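S.K.: So the sequences go chain by chain: A and B.
If you're matching positions, the first sequence starts at 1 in my numbering and goes up one per residue.
If you're matching positions, the second sequence starts at 1 in my numbering and goes up one per residue.
Don't read these hints as lab results, they were simulated from the structure.
Because the structure is a prediction, the values reported are computed rather than measured.
Ideal placement from N, C-alpha and C gives every residue a C-beta, glycine not left out.
The hints are all genuine.
Between beta-carbon pairs, the in silico distance windows are:
{"#": "1", "chain 1": "A", "residue 1": "33", "chain 2": "B", "residue 2": "98", "range": "24 to 30 Å"}
{"#": "2", "chain 1": "A", "residue 1": "36", "chain 2": "B", "residue 2": "57", "range": "51 to 57 Å"}
{"#": "3", "chain 1": "B", "residue 1": "66", "chain 2": "A", "residue 2": "37", "range": "49 to 55 Å"}
{"#": "4", "chain 1": "B", "residue 1": "68", "chain 2": "A", "residue 2": "14", "range": "50 to 56 Å"}
{"#": "5", "chain 1": "B", "residue 1": "76", "chain 2": "A", "residue 2": "34", "range": "48 to 54 Å"}
{"#": "6", "chain 1": "B", "residue 1": "100", "chain 2": "A", "residue 2": "73", "range": "36 to 42 Å"}
{"#": "7", "chain 1": "B", "residue 1": "147", "chain 2": "A", "residue 2": "11", "range": "22 to 28 Å"}
{"#": "8", "chain 1": "B", "residue 1": "92", "chain 2": "A", "residue 2": "40", "range": "44 to 50 Å"}
{"#": "9", "chain 1": "B", "residue 1": "244", "chain 2": "A", "residue 2": "36", "range": "33 to 39 Å"}
{"#": "10", "chain 1": "A", "residue 1": "30", "chain 2": "B", "residue 2": "67", "range": "40 to 46 Å"}
{"#": "11", "chain 1": "A", "residue 1": "73", "chain 2": "B", "residue 2": "147", "range": "22 to 28 Å"}
{"#": "12", "chain 1": "B", "residue 1": "69", "chain 2": "A", "residue 2": "71", "range": "44 to 50 Å"}
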Amino acid sequence: MGLLSRILGLGQPSSKQVAKDRLQLVLIHDRVRISPAQMEALKQELLGVVSRYFDVDTAGVEVTFSQHQRENRLVAEMPVLPEARRQKGR
Amino acid sequence: MGRVITVTSGKGGVGKTTATANIAAALAAQGHKVVAIDGDIGLRNLDVVLGLENRIVFDLVDVAEGRCRVRQALIRDKRTPELFLLPASQTRDKDALRPEQMVEVCDQLREDFEFIVVDSPAGIEGGFRVALAPADQVVIVTTPEVSAVRDADRVVGLVEAAEKGPALLVINRVKANMVRRGDMLGPEDVQEILSIELLGMVPEDEAVVVSSNRGLPLVMDGAHPAGKAFSDIALRLSGVEVPMTDLSDDGSIWSRIVRFVRQR
Ligand SMILES: Nc1ncnc2c1ncn2[C@@H]1O[C@H](COP(=O)(O)OP(=O)(O)OP(=O)(O)O)[C@@H](O)[C@H]1O
Ligand SMILES: [Mg+2]
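Produce the complete structure using the sequences and hints provided.
M.R.: Have a look at this one:
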């Protein structure tokens, strides 16, 4: 990356930012000791349970960890379809 | 009663032995009675970094197994009379010592010393557990690199699980020019990721290599940036508040310009 574009903040993110992002991601899995595959399985099971009560917009489901200091929280976001659309869908 | 400070890292080669030698020497130079213990059994190095390798008779394993008294194994540094070394055994392996034995040896030393600084082997196995067992305070050394920080994070977790936390963080080999151009994690990034208190940051400094060539800890040998950093770390460990040195200010023309502009 050229000096000018670096000064202007254009182009690729800095290697430091890439390192930080990669570390934050890998550490979440290290800390809670869960593999990406297990995470996907958890997401599917959660979705299965929640779907018994609501119509869930599966495209918008996100299961992640949020971190505050060294505390990790499981955060599941599942968009629930409104009643009207639910009725129609039936 | 002396305090046991264990220096550890997870990943090898990040500067544990360098940090142990310099923190111990700095504490001694600041007037405390200090013993440095080499917990890296089978791969002893603290003796050569401190320049005391020629005077070893007994070692840590001899003490633990009762072949000598702890005082007989201690080597006094003639240049800094308040500094002593308890060397590791070179002929035994990492499993030669059990955690309880290390605790026992340290408890004897607590009576005579203000600070007991323990160097750990790399890794998170037996030797790490032995070095961790007597600790009142754990210091985790890392470099600002992805793999070292990842391993440090693992150690932070293990230290907490062993109820030896919270650990303090030393970031070693910081290259100011790389941080400045966005090619190295800065101390604030590493500290944010690991979420433990920063004890100090140490710049990359050729004088570290020269000092280990000579067996003369940096802090004994004039004003080098890394030596200053270790002296500040030692002061902080003994409860003195010392502001962090801004490592981006490396005396270069560029950093002088930055400082000039910031002061406007
Ligand atoms: N701040 C620094 N600037 C330059 N070189 C350094 C710095 N800190 C350490 N080094 C060099 O890095 C190398 C490894 O350091 P050191 O032996 O202290 O690491 P270690 O963590 O004890 O390694 P091990 O895990 O093998 O015990 C040494 O050659 C040392 O001189
Ligand atoms: Mg070492």
